[in-house]
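Asks: Sequence:
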Amino acid sequence: MPLRITARSIDGGKLSETEKMSKTFVEIEDERGGVSKYRRHLNGRGFTEATASVDSSAFIADSSYVEAEASVGRAVQVGRGSWIGRGAAVLPGVTIGANVMIGEGAVVGAGAQIGSHTRVGDNARIGSGARIPADSTISNGAVIPSRGRGLANAA
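Each residue of the sequence shown is one higher than the last, beginning at 185 in this note's numbering.
By construction, these hints were calculated from the structure, which means they are not laboratory data. Misleading hints may appear alongside valid ones.
Stated by the list, open to error - Using C-beta positions, here's what the derived DEER-type ranges look like: (1) V210 - A259: 23 to 33 Å; (2) A234 - S330: 26 to 36 Å; (3) S323 - L226: 28 to 38 Å.
Computed from a predicted structure; not experimentally measured. C-beta: ideal position from N, C-alpha, C; glycine also.
Could you build all of it, start to finish, from the sequences and the hints given here?
Replies: Pasting the structure below:
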């Protein structure tokens, strides 16, 4: 089922370009008929759901989404076409490549690097400083240790 996208101004008045990004939201209808409201993040123009917490220094690339109740920390870089799932936490200094899916409730530790076209499963834990190569799949609930131990050095 195709998504329905509608842009609306909160106050309906004439807005500057900066105000348009911060005061305009997009409503997206999912396959079950639920509607979520997203705003454009000022740094990168990606979409953030109204209840998500995204640090102003984070870069959320165009066509990327941060879902409800997710948090994105200071100096995080999120590549084009990536998706941060509901309730996920991306800690400061993380770099996420293009077309990455971070699952619901997943936690990505500070300074971790996630390669492009990677899927991090629901409730997975990626340790601080870990390097996940491009085209990887991390299972639901998996734990990848901090850099310097085990699989975190796979890159």
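Asks: Looking back at the hints listed earlier, which ones does the structure fail to meet?
Replies: As far as the earlier hints go, not one is violated by this structure.
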